[in-house]
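One-letter residues, chain by chain:
Protein chains: 2
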Amino acid sequence: MISLTDIAGTAKPGTLYGIGVGPGDVRLLTLRAAALIQSVDIVGYFAKKGRQGNARKIVTPLLAAGQREIKFEYPVTDEIPADHPDYHDQIGSFYREMAATLEQNLKEGLSIGLLAEGDPFFYGSFMHMWRRLDDVVPVEVVPGVTGMSGCWTRANAPIAWGDDVLTVVPGTLDEERLKDRLASSDAVVIMKIGTNFAKVRRAVQAAGLAERAVYVERGTMSDERILPLNACEDVPGTYFSMVIIPGQGRRI
Amino acid sequence: MISLTDIAGTAKPGTLYGIGVGPGDVRLLTLRAAALIQSVDIVGYFAKKGRQGNARKIVTPLLAAGQREIKFEYPVTDEIPADHPDYHDQIGSFYREMAATLEQNLKEGLSIGLLAEGDPFFYGSFMHMWRRLDDVVPVEVVPGVTGMSGCWTRANAPIAWGDDVLTVVPGTLDEERLKDRLASSDAVVIMKIGTNFAKVRRAVQAAGLAERAVYVERGTMSDERILPLNACEDVPGTYFSMVIIPGQGRRI
Chain A
1 MISLTDIAGT
11 AKPGTLYGIG
21 VGPGDVRLLT
31 LRAAALIQSV
41 DIVGYFAKKG
51 RQGNARKIVT
61 PLLAAGQREI
71 KFEYPVTDEI
81 PADHPDYHDQ
91 IGSFYREMAA
101 TLEQNLKEGL
111 SIGLLAEGDP
121 FFYGSFMHMW
131 RRLDDVVPVE
141 VVPGVTGMSG
151 CWTRANAPIA
161 WGDDVLTVVP
171 GTLDEERLKD
181 RLASSDAVVI
191 MKIGTNFAKV
201 RRAVQAAGLA
211 ERAVYVERGT
221 MSDERILPLN
231 ACEDVPGTYF
241 SMVIIPGQGR
251 RI
Chain Y
1 MISLTDIAGT
11 AKPGTLYGIG
21 VGPGDVRLLT
31 LRAAALIQSV
41 DIVGYFAKKG
51 RQGNARKIVT
61 PLLAAGQREI
71 KFEYPVTDEI
81 PADHPDYHDQ
91 IGSFYREMAA
101 TLEQNLKEGL
111 SIGLLAEGDP
121 FFYGSFMHMW
131 RRLDDVVPVE
141 VVPGVTGMSG
151 CWTRANAPIA
161 WGDDVLTVVP
171 GTLDEERLKD
181 RLASSDAVVI
191 MKIGTNFAKV
201 RRAVQAAGLA
211 ERAVYVERGT
221 MSDERILPLN
231 ACEDVPGTYF
241 SMVIIPGQGR
251 RI
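Protein chains in written order, with this note's numbering: chain A, 1 to 252; chain Y, 1 to 252.
All the given hints hold, so there is nothing to weed out.
Here are the simulated DSS-like pairs of lysine-lysine, each with C-alpha atoms no more than 30 Å apart in a straight line:
{"no.": "1", "chain 1": "Y", "residue 1": "K71", "chain 2": "Y", "residue 2": "K49"}
{"no.": "2", "chain 1": "A", "residue 1": "K179", "chain 2": "Y", "residue 2": "K179"}
{"no.": "3", "chain 1": "A", "residue 1": "K57", "chain 2": "Y", "residue 2": "K12"}
{"no.": "4", "chain 1": "Y", "residue 1": "K57", "chain 2": "Y", "residue 2": "K107"}
{"no.": "5", "chain 1": "A", "residue 1": "K179", "chain 2": "A", "residue 2": "K199"}
{"no.": "6", "chain 1": "A", "residue 1": "K71", "chain 2": "A", "residue 2": "K12"}
{"no.": "7", "chain 1": "Y", "residue 1": "K71", "chain 2": "Y", "residue 2": "K48"}
{"no.": "8", "chain 1": "A", "residue 1": "K12", "chain 2": "Y", "residue 2": "K57"}
{"no.": "9", "chain 1": "Y", "residue 1": "K179", "chain 2": "A", "residue 2": "K192"}
{"no.": "10", "chain 1": "A", "residue 1": "K107", "chain 2": "A", "residue 2": "K48"}
{"no.": "11", "chain 1": "Y", "residue 1": "K192", "chain 2": "Y", "residue 2": "K49"}
{"no.": "12", "chain 1": "Y", "residue 1": "K192", "chain 2": "Y", "residue 2": "K57"}
{"no.": "13", "chain 1": "Y", "residue 1": "K71", "chain 2": "Y", "residue 2": "K192"}
{"no.": "14", "chain 1": "Y", "residue 1": "K192", "chain 2": "A", "residue 2": "K179"}
{"no.": "15", "chain 1": "A", "residue 1": "K48", "chain 2": "A", "residue 2": "K192"}
{"no.": "16", "chain 1": "Y", "residue 1": "K179", "chain 2": "Y", "residue 2": "K192"}
{"no.": "17", "chain 1": "A", "residue 1": "K199", "chain 2": "A", "residue 2": "K48"}
{"no.": "18", "chain 1": "A", "residue 1": "K192", "chain 2": "Y", "residue 2": "K192"}
Some but not every residue of chain A turned toward chain Y, in silico, with C-beta under 7 Å:
{"no.": "19", "residue": "A8"}
{"no.": "20", "residue": "L31"}
{"no.": "21", "residue": "T153"}
If you anchor each label on the Cβ, the simulated ranges turn out as follows:
{"no.": "22", "chain 1": "A", "residue 1": "P228", "chain 2": "Y", "residue 2": "I70", "range": "33 to 41 Å"}
{"no.": "23", "chain 1": "A", "residue 1": "I226", "chain 2": "Y", "residue 2": "K12", "range": "18 to 26 Å"}
{"no.": "24", "chain 1": "A", "residue 1": "Q248", "chain 2": "Y", "residue 2": "A206", "range": "23 to 31 Å"}
{"no.": "25", "chain 1": "A", "residue 1": "S184", "chain 2": "Y", "residue 2": "P61", "range": "40 to 48 Å"}
By construction, these hints were calculated from the structure, which means they are not laboratory data.
We put the CB at the ideal spot given by N, CA and C, even for glycine.
Can you build the whole structure from these sequences, using the hints too?
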């Protein structure tokens with residue numbers, strides 16, 4: 001039987017890999033992602049200040065002792081609204097410095113695997129590095145299982161059937177716009193719940209979709225929580241939470 | 001270094017696994033999916049009549065000689081419209097018989113891995129088996145990298161930034177509804193292009209999005225084709241084709 005590592009290949013010198021690490025369970029990394037993490041010179045990842053970082057935590061079982069790592073700590077995450085000039089300034093400097101660090105190491109011939117939760121091209125911070133470095137160094141993006149796939153799987157809720165239209169909405173939208181989006185879709189995933197929980201629930205209720213809505217927190221992780229939105233008594237605020245509204249399209 | 005197979009685990013007797021095989025490149029299977037394919041008693045898959053089946057083709061490098069397989073051949077695919085009573089009757093009988101075959105083997109204690117292109121709970125035929133068997137036998141669904149993730153990755157087109165709303169629309173919708181959906185979204189993926197190509201292109205043009213639209217055929221497979229929608233001269237009709245319209249949300 002062929003070994004999974006043999007299929008997946010290894011890292012090339014001087015190349016930046018944007019590696020999707022999937023929704024949380026390490027078994028949901030792709031063969032390519034796992035093999036690259038085990039073969040790059042440096043594993044890089046984002047983290048909230050003073051934390052280990054979720055992506056880094058997910059891949060822990062894959063890392064060998066002595067693996068070289070670089071942690072990039074956000075100067076700010078949700079303490080300031082993303083449309084505030086201070087947020088823009090602080091995150092802008094952080095991204096510029098981070099890109100310079102990556103570029104220097106890559107130009108010295110080292111390979112770097114930059115971890116991204118879910119899929120790197122789907123609301124990923126990796127995209128801000130891709131934007132700066134894609135024309136400068138060799139870059140390979142490794143798609144991943146999205147957080148939302150992990151969540152609807154664990155909720156045992158097939159999301160889109162037949163001709164269902166699926167809308168993915170950030171919970172950061174204002175309430176009226178959220179409600180409009182919900183009302184005009186067959187199936188919905190609401191991401192980035194965090195501190196937006198109460199607003200999101202009101203919008204789902206106003207759109208008449210609360211009966212079908214499922215709240216999923218840390219789907220596929222060991223401490224996941226899944227419950228009907230109507231049964232949520234408190235107001236959770238975890239980063240890794242979503243509301244899933246499955247479609248009702250063609251069943252045969 | 002830990003072996004990837006050791007992380008991913010093996011199949012349990014009498015269990016049905018709905019296995020997402022990702023967009024096309026075998027390296028984009030998850031560790032869990034690959035290890036299950038190598039350990040189930042029977043690998044099952046859907047196929048168009050007389051064909052090998054795309055999912056089966058994707059996992060070929062993982063299969064050992066002598067692996068037991070069952071091919072389930074659709075009696076009809078796109079020869080009859082999906083809303084025609086004959087389609088419903090023929091596909092309905094096929095699904096019922098298929099579920100009975102699976103159930104019989106599972107109850108004899110065999111484990112079965114039923115392959116699904118992309119993610120099993122995202123427009124997957126597997127869902128029709130899940131619906132019939134989830135309360136009858138143990139079922140585990142293994143999420144996969146969706147076809148659309150594979151396509152936007154290969155098109156080098158990050159799909160959703162910041163507060164972008166992403167809409168996933170089947171190309172089977174009528175032209176007016178398609179156009180409406182396109183006009184009210186930041187980022188769009190149009191699936192199920194197939195014979196709908198001309199209509200889809202007209203809708204994209206009418207919504208003023210043709211400049212940003214990318215046509216991706218068989219993304220991540222060896223014979224993929226990627227080109228700006230405006231540069232498509234002919235009218236392709238492949239099952240594995242999509243139109244990707246990347247969002248333009250917050251760049252920092």
